[in-house]
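Letter by letter, the chains look like this.
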Amino acid sequence: MITFFAEPFAFPFMLRALAASVLTGAVCGLVGTYVVLRGMAFFGDALAHSVLPGVAVGYLVGRGSRTVVFGWALGSAAVAALAMGALARRSKLKEDTSIGIVFVSMFALGIALISTTRGYAVDLAHFLFGNVLGVSPVQLQMVAALSGFVALIVIVLRHGFLVVSFDPILAHTLRLPVRLLNNLLLLLLAATVVVCLQSVGIALTLAMLVLPPSTGYLLARRLPAMMLISTSAGALAGVFGLYLSYYARIAAGPAVVLVGVGLFLLSLAVSPRRGQLLVR
Amino acid sequence: MTEQTVRTACVRPRRRGRVRHLRHVVGAPALELHGLTVCYRGAPALESVTLSLARGERLAVLGPNGAGKSTLLKVIAGVLSPSAGEVRVYGHGPHGHTCIAYLPQRSGVDWTFPLTVADVVSMGRLRRGRWLRRQNEVDRARVQDCLHQVGLAELADRPIAELSGGQQQRMFIARALAQQAELILMDEPLAGLDAPAQKGLLTLMNDLPDGPTLIVALHELAIARDHFPRILLLRQKVVGLGSPADVFTPDRLRDAYGESVQLVETPQGTLVVTDTCCPPDAEREP
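From first to last, the protein sequence lines stand for chains A and B.
Numbering of the first sequence is given in this note's numbering, commencing with residue 1 and proceeding in unit increments.
Numbering of the second sequence is given in this note's numbering, commencing with residue 281 and proceeding in unit increments.
Excised from the complex, chain A in its bound form:
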């Protein structure tokens, strides 16, 4: 039994993968809470795909250095996040249309840039589906730093984010910095997406943003509890996803997500809110 649990982590790269996927799961669970409560799932998915041009430029400029890729990806996601908001405000298009336009533009640009390199398909696959087993010590440090920073801001500004999400007019009449809080939340989401890049990859980032928070939503009655459950569910998915990956010999990213799905289904089965969910 002990060997069953200990065996996969005898290798240093597996330990790094464990740390990375736990951090990713936890920070996604925390930030994803707002994604679920505010109905921003499509936005989150679009944002995840919008990091691709940044990744590509960083990859081409940094000659394979993953640290450079990180910075460019963050910049790309931040630009996309603010562009989606601005386009919706200025163009009078519906919000999801604006998001979709930025999404496809960025994604196509990213693929176009990557297609200029040799070995294009392999590189693209790594970015799209993640490669948590290949996390280097430096990358792990960056994932940890970014996750810590995001978690700190979410916790310190929790009252502000809550009021802005639940009742924006109240936030205005309390004279909170509404626009600042909204934009900050988008930037935190951008940072979260970049954290996900290495572990679950662009294509499955959305899964980590919506699955753990939905689990938390079904089990909790209040926001702090929802965040706690969501964060734990994300971290648990990270741990057990790696076991699943190791023993079932499947890719790590999808394995983490599948465990996330399992936890969600479990919460659906035992949830006190389930009746409510199915009726609506």
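Wrong hints could be hidden among the right ones.
[Claimed, not checked] On the chain B side, residues computed to face chain A include the following (Cβ under 8 Å):
| # | residue |
| --- | --- |
| 1 | 357 |
| 2 | 381 |
| 3 | 439 |
[Said to hold, decoys possible] Which residues of chain B face chain A? A partial, calculated answer using Cβ under 8 Å:
| # | residue |
| --- | --- |
| 4 | 380 |
| 5 | 391 |
| 6 | 393 |
| 7 | 399 |
| 8 | 403 |
| 9 | 412 |
| 10 | 491 |
[To be verified] Distance ranges between label pairs, derived from CB positions:
| # | chain 1 | residue 1 | chain 2 | residue 2 | range |
| --- | --- | --- | --- | --- | --- |
| 11 | A | 105 | B | 487 | 56 to 66 Å |
| 12 | B | 391 | A | 94 | 18 to 28 Å |
| 13 | A | 96 | B | 385 | 15 to 25 Å |
| 14 | B | 534 | A | 183 | 41 to 51 Å |
| 15 | A | 71 | B | 385 | 12 to 22 Å |
| 16 | B | 549 | A | 42 | 53 to 63 Å |
| 17 | B | 487 | A | 156 | 33 to 43 Å |
| 18 | B | 547 | A | 222 | 55 to 65 Å |
| 19 | A | 155 | B | 391 | 43 to 53 Å |
| 20 | A | 92 | B | 517 | 33 to 43 Å |
| 21 | B | 385 | A | 111 | 37 to 47 Å |
| 22 | A | 3 | B | 441 | 43 to 53 Å |
| 23 | A | 222 | B | 417 | 13 to 23 Å |
The hints are simulated quantities; they were obtained by calculation from the structure and are not laboratory data.
Even for Gly, the Cβ is constructed at its ideal location relative to N, Cα and C.
We have chain A; now place chain B onto it with these hints.
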């Protein structure tokens, strides 16, 4: 010609500067509006509204859907900026005040949020300059107190999804009290409530502690007549302003409600029949 004046009035308002909390000017009326005009997508939602309210006064705002009731409340709250004209709350522009409470329409609230009644009421304790700190004993006691005043003390830990319509409205009133609001704006608080709930809510509004100034958007003419000393009848412009007897005249009601109102003379007096069925788009205001 009128087309032209409308268009010039509908330019984008300038961005406001930094917001500060403002001390009330002594002796200033609770609310003054001068020639207030608000444009929404190039068309005026409100046009040259002028009015003054003393502290503690209670005003009902009536008008058909799309008359600009919600817009009026949002401009007074400082959430929307006027395109022309001026709003003064206790002598200053509304943007700096934290003593204005806006109670949203119940239909516009996401009741699936994982919040308890006490959570929502304690949001009223946050405000500019002190929303980063933890809630302390004073805040908690105040929240309990406010819940008690609106009769929701037993439901403090109830999720908001489980409240009845009347309870939802009471919760928002408690939040306004927790905010120590001196000017309370209510957007159709009685809509969708049954008669006993409406009656309870009106009693509560009459007996609010410290007598805040109240502005209530309503659809119910008879309730406005019986419970509010001043009425504003609105259809983009001010159609009538004054006591119920002054405002509810057949001419003014016809001006405000147009085709959707029918006045029937009966032996007991004038009977007003309104057809409240409207295209759903009419309700959508900024």
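The hint says 33 to 43 Å between residue 487 of chain B and residue 156 of chain A; measuring C-beta to C-beta, is that right?
40 Å, holds
Return the status of the interface hint for residue 412 of chain B: holds when the least beta-carbon distance to chain A is below 8 Å, violated otherwise.
7 Å, holds
Under 8 Å is the threshold here; is the Cβ of residue 439 of chain B close enough to any Cβ of chain A for the hint to stand?
The hint holds - residue 439 of chain B has a Cβ within 8 Å of chain A, the shortest such distance being about 5 Å.
Close enough to count: is the Cβ of residue 399 of chain B nearer than 8 Å to one in chain A?
Hint holds; residue 399 of chain B Cβ to chain A Cβ min 7 Å, cut 8 Å.
Is 18 to 28 Å a correct range for the gap between the Cβ atoms of residue 391 of chain B and residue 94 of chain A?
24 Å, holds
Against chain A, run the beta carbon of residue 393 of chain B and see if the smallest gap drops under 8 Å.
With Cβ-Cβ at 5 Å, under 8 Å, it holds.
Does the closest beta carbon of chain A sit nearer than 8 Å to the beta carbon of residue 491 of chain B?
At about 20 Å, which exceeds the 8 Å cut-off, the nearest Cβ of chain A leaves the hint on residue 491 of chain B violated.
Cβ separation of residue 96 of chain A and residue 385 of chain B, checked against the hinted range 15 to 25 Å:
24 Å, holds
Note whether the CB distance of residue 222 of chain A and residue 417 of chain B lies within 13 to 23 Å or breaks it.
20 Å, holds
Chain A contact restraint for residue 380 of chain B - C-beta distance below 8 Å:
Hint on residue 380 of chain B: holds, closest Cβ of chain A at ~5 Å, below 8 Å.
Would you check whether residue 381 of chain B satisfies its interface hint, that is, whether its CB is within less than 8 Å of any CB in chain A?
6 Å, holds
For residue 385 of chain B and residue 111 of chain A, compare the CB-CB distance with the range 37 to 47 Å and indicate the outcome.
45 Å, holds
Violated hints for the displayed structure, listed by number in ascending order: 5, 10, 15, 19, 20.
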